[in-house]
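Peer 1: Below are the chains, spelled out letter by letter.
2 protein chains.
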Amino acid sequence: MYNSLLLPDLRVLLDSNDKTGMRDFCEALHPAVSAEVIQGLEVDDAWRVLSNCSIEVQVAIFKYLELAYQVALVEAVDRKSLSRLIEEMPPDDRVDLLERLDPQQVESLLPLIAQAERSDIRKLLSFSDDSAGSIMTTEYASLPEDITAVEALERLRQQAPDRETIYYIYILGEGRRLHGLISLRELILAKPETLLADIMERDVIAVRVDDDQEFVAQELAKYDFLAIPVVDNQHCLVGIVTHDDVLDVLQEEVTEDTYRMSAVEPLEDSYLASRLTTLAWKRGVWLVLLAIAAFFTAAVLSGYEEISAEFGWIILFIPFVLAAGGNAGSQSATLVIRALALGEMTGRDALRIARRELMLASLLGGGLMVIGFFSASLFVNDFKVSMVVGITVFLVVVMGTVTGAMLPLMFKRLGMDPALMSNPLIAALVDVFGVIIYFNVAVMMLK
Amino acid sequence: MYNSLLLPDLRVLLDSNDKTGMRDFCEALHPAVSAEVIQGLEVDDAWRVLSNCSIEVQVAIFKYLELAYQVALVEAVDRKSLSRLIEEMPPDDRVDLLERLDPQQVESLLPLIAQAERSDIRKLLSFSDDSAGSIMTTEYASLPEDITAVEALERLRQQAPDRETIYYIYILGEGRRLHGLISLRELILAKPETLLADIMERDVIAVRVDDDQEFVAQELAKYDFLAIPVVDNQHCLVGIVTHDDVLDVLQEEVTEDTYRMSAVEPLEDSYLASRLTTLAWKRGVWLVLLAIAAFFTAAVLSGYEEISAEFGWIILFIPFVLAAGGNAGSQSATLVIRALALGEMTGRDALRIARRELMLASLLGGGLMVIGFFSASLFVNDFKVSMVVGITVFLVVVMGTVTGAMLPLMFKRLGMDPALMSNPLIAALVDVFGVIIYFNVAVMMLK
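As you go down the protein sequences, you meet chains A and B in turn.
Numbering of the first sequence is given in our numbering, commencing with residue 7 and proceeding in unit increments.
Numbering of the second sequence is given in our numbering, commencing with residue 7 and proceeding in unit increments.
Calculated directly from the structure, the hints in this document are not laboratory data.
Check before you lean on any hint, since a few could be wrong.
Remember, identical chains collapse to one label, so a pair may be satisfied in a single copy or spanning two.
[As the list claims (entries may be wrong)] In silico EDC-like pairs for lysine to aspartate or glutamate, Cα to Cα no more than 20 Å straight-line:
hint, residue 1, residue 2
1, LYS129, GLU113
2, LYS228, ASP275
3, LYS25, ASP50
4, LYS228, GLU72
5, LYS228, GLU113
6, LYS25, GLU262
7, LYS228, ASP254
8, LYS69, GLU33
When you get a sec, could you build the whole thing from the sequences and use the hints?
Peer 2: Written out as C-alpha cells, the structure reads:
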C-alpha cells in the first residue's frame, strides 16, 4: 500500500543522491513502513539508502524486511559492515536470518562478531527448527526476589533499553531458575517497600525449550499473555517468546496448513518472493502423486469396460458422482483439520466425530441423492437408471464424508500432520472407490 | 487437555457439595484453565461451581468460555444475578456475548445494568459486526499532555486496576482528541520532571471505528503493537483493540477462509459446538450449488454421446484429466487467496500473477502431459490416443491454473471475498470446460 505511494519519492532521493533526504525518509517513518518501501528497490539501492542511517535505524528496519530480501541484502555486502548489523539485531530475528544463510557464510561471519553475542548465536542456532528455542529471544527482564518494589523499578530502568519487553519481569533464583513472574502493572501498583517475593506470581506457566512452536503459540494465545517464558529441563529460564513472534508463528502455521490442504508443499518465502522453479517443484510433487492416484481410477474403469459399453449413459454421471463424494469429503477433512489445528479436539475424539459425520453424511447424502435422481431422469428416461445414480450419490457421499473426517484424525494419532490428508488426496481416494461403487450398484440394480 | 485431568476432581467436589473446595478450585487455577474444565459440565452444574466464587473470579473465567457456552449459561440463570456479572465484564467481551443473545433478552437485561455501563453497551452494540468498533474495548489508559512523568505515573496508578492495558498510554486533548502516545516503558525511562508533551510520540498510527476487523488485525500485526487506538471521524479516541483480541480475530478470519475454500459456509461456533442441523445447512448449501454445476458437466457429456460410443477408451481418462486440472487449479487458487489474506498482494497484481501462473502452468502441464501420455499408452495401444490424453492434460492444467489464479483476484477487485472461489467451485468449472476440451481434442486428432 505504502509501497506505491512512497517508492517514487524514495527513487527521486536516490537519483539525486540526497543523503540527508534518505536518512530523514527512514527516520521519519515507522520502520515497518520504511521496510515495505525499501523492499521495492534493488538490493544495491537499498544499501545506498540504509547506509545513510544510524545502525539503530538500520536494525529497526531490517527486522521488518521479508526474510528472502534480508538474505539478498546480506549476500550483497561485505562481511565487515554486516557484522555490526548482526551484533545489534534482536537475538531471535538474527537467528532467523542466520538459519537461512549458507552455513559456510555464517562460519565466516561469526569471528567478526563480539564474543558474548557469538555464544548467544551458537546457542540459539543449536535449537531445532520450529521449536520454542528457535523463536525465543534471550533479551528478557529479570530480577531477584529479595528486593523491594522501588528497588525493582530502579533496576528495571537500567535493563529497559535493551530488553525486548519489560512488561513481564521474571524472578530468578540461583542458576537462573524460574521462581516467579511480576507484571510491570503489578509492580507499579505495589507499595514501594513490598518485597518482590511477596507479590510475585509463583505458579508460572512456561513452555520447554524443545516444545513445538505451534504449541507455544497456542499456549500464549490461550492465556492472553504478552510473552511466555521458555525453560530447560532444570526449569531454568533460557528465553521468552513474545506476542508478536507468536502472531508470526500462527500466520506461518496457518499458511502451511492451507497449502498442505490444497496439496502444495509449504514454501519458505511468500508466494511472490518464491522462485518459479521452487513453486513448480512444491506443486509438482503433489500433482504427480495425485496423477498416480488418478491412474488407479483409470485402471479400475478399464476393468468395467464391458459394462460401460453396455450402459452408454453411465459415462454421463461419472463427474457428477465423483464430485459429490469429493466435495463432501473435502468439507469433512477441512472441518476436522481446522478443529485439530485450533486445539478444539484431539485424535481421541475419533469415535465421537465418526458418529457425528455419519449422521451428517446421511443427511447430506440423502439430499444429494434426490438431486442425483432427478438430474439423471432428465437425461435418461428410465426409473431404474435414475435410481442407480441416486443410490450411488448417497453411498459415495457417505463414503467421502467418513473418509474425509477419519483420515486426518488417523494421521494425527500417528503423529503426522493431519493437513497432509489434503482435499485433492481425499478426492483422489473417493474417485477410486466411487467408481467401484457406481459400477457395482449399476450391475446389481440392472442385471 | 486439562479437561480430562481435572474434570473428575471437579465432579467429586460437586457431588459432595463442597463449596469451599469449588471456590478454591476456581481461584487456584488460571481462569483459562478453569474455563476449559467448567465447559465440560452441564450448565446447571457450572453455575453451582461459579456461584461459590467472587464476582471478579466469575468474570475472569467467563471471558475464557466458548461463546456458545456463555450463551447457554446466560439463558439458564435469572436476570438479576446476570446483570451484576455483565456489569463487571470487560466491555469488548460483554458486547460479544450480548450480540449473540436474543435482542429481546438484551432489552430486558439493560434496565438492570448501571447507567454508565448501559450507555457504553449501547454504543458498542451499535457498531457493525466485524468492524473495529465491535472488537475494541473502551477501557484504555489516557492522560493529558501537560503533566510531568512523575505525575503521570501517579495518575496511572489510579487508572490501572480497571484498564485493559496500561502499557500504552494515550495522550488526549480537548474532546478526547488523540494527540499522542507514550509507552509505559518510555514513561519509566523518562526523567521525572519531563512533560509528557515532550516525550510523546505524535505520529500515532490509528484505525477508524468502521475499519474492517481484518484490517485492524493486519495493522497491529505489521507494527508489532500491543494495542492499536480506534478513532472516529474527528480523530477522537473511542477505544483500543488489544493484541489478544487481534489473535482471536486472525484465528476467526483464517477459519472462515479455510472453510470457504473447501465450500463450507463459516460457522458461528466451533465445529464440535455447532448443531448437526447447522452443519448440514452450512455444508448443504454449497453441495447443492456444486451439484448444479456438476449437472452442467453431465449435460455437456450428453452432447458427446456419439463420440463416447465410438471411442470406448475415452471414459477411462475422464477422472484423470479432470483431476489434473482441478488439482492444479485448487493449488493456484489457494496460493492466491492466502497471499491476498496476508496482504502480500492486491487485486492490482493480477497481470503479474497471470503471467507467473501461465509460466507455471506450462511447466506443470508439460510434466503431467508426459504422465498422461504414458498412463494412456498402458491401457490403449495407440499412439494417437495417448497423444489425445497427453495434450488434453496439458490444456486442462493450463486452463485450471489460470482460472484458479484469476477468479479469486477478480472477486477481490469486485470487493467480494476471494475465498468464495473455493477449491470445489474451481474444480466444478474445470470439469465443465475440461470435458469440452477433452472431446474436442479427441475429435480433432482422430477424425
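Peer 1: Hint by hint, note whether the structure agrees.
Peer 2: We went through each hint and held it up to the structure:
In this assembly of identical chains, the alpha carbons of LYS129 and GLU113 lie at most 20 Å apart only when taken from the same copy (14 Å versus 59 Å across copies). Only between protomers do LYS228 and ASP275 lie at most 20 Å apart by alpha-carbon distance; the minimum there is 17 Å, versus 28 Å within a single protomer. When the C-alpha separation of LYS25 and ASP50 is checked against a cutoff of 20 Å, the pair qualifies only within one copy, where the shortest distance is 15 Å, while the shortest distance between copies is 70 Å. For the homomeric pair LYS228 and GLU72, the shortest alpha-carbon distance between copies (12 Å) is at most 20 Å, but the shortest distance inside one copy (28 Å) is not.
Taking the closest pair of Cα atoms, LYS228 and GLU113 never come within 20 Å of each other, the shortest separation being 39 Å inside a single copy and 32 Å across copies. Neither within a single protomer nor between protomers do LYS25 and GLU262 lie at most 20 Å apart by alpha-carbon distance, with minima of 41 Å and 47 Å respectively. Proximity of LYS228 to ASP254 under the C-alpha cut-off of 20 Å is found in both arrangements, the shortest distances being 16 Å within a copy and 10 Å between copies. Proximity of LYS69 to GLU33 under the C-alpha cut-off of 20 Å is restricted to the intra-copy arrangement: shortest distance 15 Å within a copy versus 41 Å between copies.
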